[in-house]
Amino acid sequence: DKCVHSTPKNTNVRVSLPAVCFVWQIAMIILFGVFIRYDDESDVRLWIQHKLDHNITSDIENDFYFRYPSFQDVHVMIFVGFGFLMTFLKRYSFGGVGFNFLIAAFGLQWALLMQGWFHSLDLTTGKISIGVESLINADFCCAGSLIAFGALLGKVSPVQLLVVTLFGVTLFAVEEYIILSLLHCRDAGGSMVIHAFGGYYGLAISWVLYRPNLHLSKRLNGSVYHSDVFAMIGTLFLWMFWPSFNSAITDHGDGQHRAAINTYLALASSVLTTVAISSMSQKKGKLDMVHIQNATLAGGVAMGTAAEFMITPYGSLIVGFCTGIISTFGYLFVTPFLERVLKLQDTCGVHNLHAVPGMLGGFIGAIVAAAATEEVYSREGLNIVFDFTGSFANRSVGTQGGFQAAGTCVSIAFGLVGGAIVGFILRFPIWGDPADDNCYDDEVYWEVPEDEETLPPVLEYNNHMIHKSESNFSVEQS
Amino acid sequence: DKCVHSTPKNTNVRVSLPAVCFVWQIAMIILFGVFIRYDDESDVRLWIQHKLDHNITSDIENDFYFRYPSFQDVHVMIFVGFGFLMTFLKRYSFGGVGFNFLIAAFGLQWALLMQGWFHSLDLTTGKISIGVESLINADFCCAGSLIAFGALLGKVSPVQLLVVTLFGVTLFAVEEYIILSLLHCRDAGGSMVIHAFGGYYGLAISWVLYRPNLHLSKRLNGSVYHSDVFAMIGTLFLWMFWPSFNSAITDHGDGQHRAAINTYLALASSVLTTVAISSMSQKKGKLDMVHIQNATLAGGVAMGTAAEFMITPYGSLIVGFCTGIISTFGYLFVTPFLERVLKLQDTCGVHNLHAVPGMLGGFIGAIVAAAATEEVYSREGLNIVFDFTGSFANRSVGTQGGFQAAGTCVSIAFGLVGGAIVGFILRFPIWGDPADDNCYDDEVYWEVPEDEETLPPVLEYNNHMIHKSESNFSVEQS
Amino acid sequence: DKCVHSTPKNTNVRVSLPAVCFVWQIAMIILFGVFIRYDDESDVRLWIQHKLDHNITSDIENDFYFRYPSFQDVHVMIFVGFGFLMTFLKRYSFGGVGFNFLIAAFGLQWALLMQGWFHSLDLTTGKISIGVESLINADFCCAGSLIAFGALLGKVSPVQLLVVTLFGVTLFAVEEYIILSLLHCRDAGGSMVIHAFGGYYGLAISWVLYRPNLHLSKRLNGSVYHSDVFAMIGTLFLWMFWPSFNSAITDHGDGQHRAAINTYLALASSVLTTVAISSMSQKKGKLDMVHIQNATLAGGVAMGTAAEFMITPYGSLIVGFCTGIISTFGYLFVTPFLERVLKLQDTCGVHNLHAVPGMLGGFIGAIVAAAATEEVYSREGLNIVFDFTGSFANRSVGTQGGFQAAGTCVSIAFGLVGGAIVGFILRFPIWGDPADDNCYDDEVYWEVPEDEETLPPVLEYNNHMIHKSESNFSVEQS
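Protein chains in written order, with my numbering: chain H, 67 to 544; chain U, 67 to 544; chain S, 67 to 544.
These are calculated hints, taken from the structure and not from any lab test.
A few of these clues could be false.
Claimed, not checked - Subject to a maximum C-alpha distance of 25 Å in a straight line, what follows is the list of computed BS3-like cross-link-like pairs (lysine-lysine):
(1) U:K349 with S:K75
(2) H:K75 with S:K349
(3) H:K349 with U:K75
To be verified - Which stretches of chain H does chain U cover? Using the computed rule of at least three CB atoms under 8 Å from a CB of chain U, they are:
(4) 351 to 360
(5) 444 to 451
For every residue, glycine included, the Cβ atom is placed at its ideal position computed from N, Cα and C.
Generate coordinates for the entire structure from the input sequences, incorporating the hints supplied.
The following block contains the structure:
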């Protein structure tokens, strides 16, 4: 180790970080002032009118009551789920949960604008109307960038992360428009538009930012006992609320109901196969926390597209079964391979949790769509589930399946190309990223308290315990 | 200690754990394929038909919107609540939260089948229909086995836990059928069917698996500071969401509303009496985290049956008041007594948190039912709350009270007898359980990261801090 | 340090704490027995009648379904949000989360009574009717005392905290009655009645309890790495669920919908400006966890009054923008100033998170109310949002704005005067508070487990690791 030295780098972000935060936040305020308004169901005047126009007698029919509980679950996934999943590193927990917080808080504002321009701009008034469904979509949109963060964890500065998010949200809105509006795909839980896109976006950025001397930070690229327990908070909140994620914006009634059931089952199945493969792979059958924290979630990712379809309960179990295996194998063999051969450093293994299961989810959705029958769905049901209305009224399920597959490819292409471009932008030496021997370290961007190891001896200020002032253990004496 | 040696044991589960996971998950897929279908409210074709048949105009009347928020709260209790409550041991946090995850993910699938066969098998089609209420019931059913896990924590292998769950869920479905269908008891929050059953089931297993030399693992049978804080995450999520647990499957409208209020009040009352007894029992009035983590929940357990009845707000406070006291006394006196005299090792004290409060909850339910009057409930109200319909249309509240008490006894009997049998099965020397000096230790079944104590010195790689290379504290030098 | 000695104090609460808990809990049972009953929507007989009287056909119109998801989010904020936010101190995590639990569990019972007497006492029957909205209000009422706890953290005994809560809840109910009923202010999320009141209440108490030798406990007045991560659990659950807090008791339909959107946006904006100011203030632009944990929430506090108004989405962003800056500046400059000049010790900085943003929120509400127009709200909308009915039917928005401002002053006055009086009560030497060199220390009121540093060496009992018995690191040898 002594022979290889990394170039010292300037990690001072005292000008750049506040500047970016202020400029972007002020831009948000101006753009919101110009474009964003309450929608029919959140504006007091319009809601009164809306109830009259649609002959609605009870406020319970406001979309808020259909979607707000799911929204809050998604919100928890974005901030606590993703945030705590990334606390597993021994000295990057502040960065994991803190930068996740920053990215998402910025990203959701930009997402409301970008998605608004593409999906709900009223061309007469020039305004975007927002309601609870917009908030869910904004959270979803951030998820793409947070997934990318997983591949970059510990290796980039907060300023770079804000750049990743600015472009990530922008690319997301465009690919989403192409996939959902132009190709008319269904992707309620975002296997394609969120996971495949976000995963490949992060991987492409990480590939461009390859650090040949990253082994200099190897001592910090791992967990300690309690950081693994913190990460389980993230895992479990993601796992528990994934049924809400996949059902949050599906059709009212049976649509939300079925999506939640399917996702619940796929996730349960993933847990069993993840445990099986993890145990098989280790001496004495010991389980690896990395697998339990991540691969157990693969079933949720892979059900992102098909959850609202009539995939059947056992179909959901099969999806979870296979993706749990594939994801765990990914952590065991593919991530090391990618690093060694493709020079791709993927801190959290987003390749195995998001990119591949997301891609598979897209193709599963294509197959399930193509296999849909009038017998199972009824004609009206097919029209509702696949939204065969307007100019798509005559589309067949086979055609729909083809478009779903095409949509998956579009999301991957956007991720890879967009990520490569953003990666090159991030290579400019102005962003304050850490040196190769300084990665995975909260010291670089955070005021870190004294270490617990150097806690002034409880032994001494505590009268109830044996006096140990002569202990070699005591730091003061050294 | 040096004189007593435990027999070395083979804790290798590299074949058995993957085998069990795969075999059971494949069995689940096959059985789901044969039996499980979406119900009327989650199947797109059937929901369209259902709305026509029942003259329903708005999707908001789908049962999803009545129960999904409660379902998600229950889900959090099962995975984060139970899981983190069991992280309190200093070196068994991975096992606590991780095995809980495995048990519940398997158990809920088996529960959907078992409960389906007993309660919603359509004899014409041979199919079971599932919806959000089924998911809640499946989570409930797992809770029985998770409670049993609490008595066994740290002393069994994951393979044994899967066996405990297989039998636990099976026994649960049978006793639930007897209690709810044959005896026609009401038990919305499961004081009887979940807590009394699960508690005695775990105690009986633990009694059969008694380890005379468990003191060899004594060094690990306790908490450290931060593991106690982790456990409070579990406690609080259980405590906060218990109103949802007890109201999740009660009647729409006033039933769910009242059950939530009653549980909220009983839990608040438990906290005060737990603190009081805990403080009285210790030198200088210091509080014991074991009590705060557990006995504060006793009010929720004890309201599991009566929460949906008109027990009155002050009645709820009284229930919480008494059970908080009883549970804390249990931790102080009964658990040590059971261990010394009955040779019963109960790691988490499920006797005090689940078995006894659950039993009490059953009898409280019996009394409150027997005391119900037409004046308070109205005739129609009595019929709704106690479901006096069909062949039970003429049952009196006194009779109902008697059956409630009988149901409590059935649940205890099932727990004790079933647990004893399962305990003997688990004594076969094939399950990979740990040796007596190796209990409560994640090292046995998990790849555990380097300990925090052996963290490579922050002192050295951190330039901002005083160089302390000569410190005796530094591990490398020793 | 050696020269200044604090007076030894008797911190034994073995009589007083159980006595207070028992007496108050028994009082609650008696008062609930006399006064508290289920309301129309949670009583089985009354709900049947209510549905008939109001021609309600579906149980989904029970207020439970409008408010229960929000209630559970608020409940999480009170117990996990506030509780974990106060775990940041290195050795006061038990006290932070545990005393928070005790305070809230007592406070919510007393709040149901106090708020019931003032707001929903039926003078004919002499009874108070409670439902889900009462539970939300009770949780809100506790929040005032929990905020005050933040200023006192680590410096008072649990008995003192129960006294703070008894008076805090009482004062809250009175000021709330004056502000909401007499002045007819709107304050859905409680900028005035909760945050400004609670903040100034705590500050006044802390000011009276000034400890000149508190520096003797300085070694414990700070965080360690993992305690800061625990505190982020609190921060994030507060941050995520604040939209539910501000919308929980607003009008059905557009009212809840709009309040959630506004709060969501204000909070996002606060994060960016908090990060900006935090980074500007530190060497190399490093972020300070104290700011991230607290000031990011200021936008939610400041939107407590105006969230239900038509403040517009960009208006919400502006509120978050400004309060994020003000709050972070508060942590940087005002708290040290208050301590040095005003002799005011504010452990958690509630001045910056609650008192000032709450006060600002009150005035923002006044301005937004005064600026309301019929064009934006419609006449009917104005009447709904500002509840211009009954004797207030002819109030103008300008007048309403004036009363909102007056209400803010009332809440501050109640906090300051009430807090000063309670502070003097707490100075009696009977409460068991800790000595100046014993603050911020769980050892005083909790049975604390062995420290992690003194964990019996993993190094030794673990066969898989290199034997290090000669290490100086090993405690046993010293």
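Going through the hints against the structure:
1. The hinted pair formed by U:K349 and S:K75 meets the criterion: a straight-line CA distance of about 16 Å does not exceed 25 Å.
2. The hinted pair formed by H:K75 and S:K349 meets the criterion: a straight-line CA distance of about 16 Å does not exceed 25 Å.
3. Between H:K349 and U:K75, the direct Cα distance comes to roughly 16 Å. Compliance with the 25 Å bound is thereby established for this hinted pair.
4. A count of 6 residues in the stretch 351 to 360 of chain H with a Cβ less than 8 Å from any Cβ of chain U is obtained; the coverage claim is therefore met, three being the minimum.
5. Evaluation of the coverage hint for the stretch 444 to 451 of chain H: fulfilled, as 5 residues show C-beta separations to chain U shorter than 8 Å, against a requirement of three.
Checked against the numbered hints above, the structure breaks none of them.
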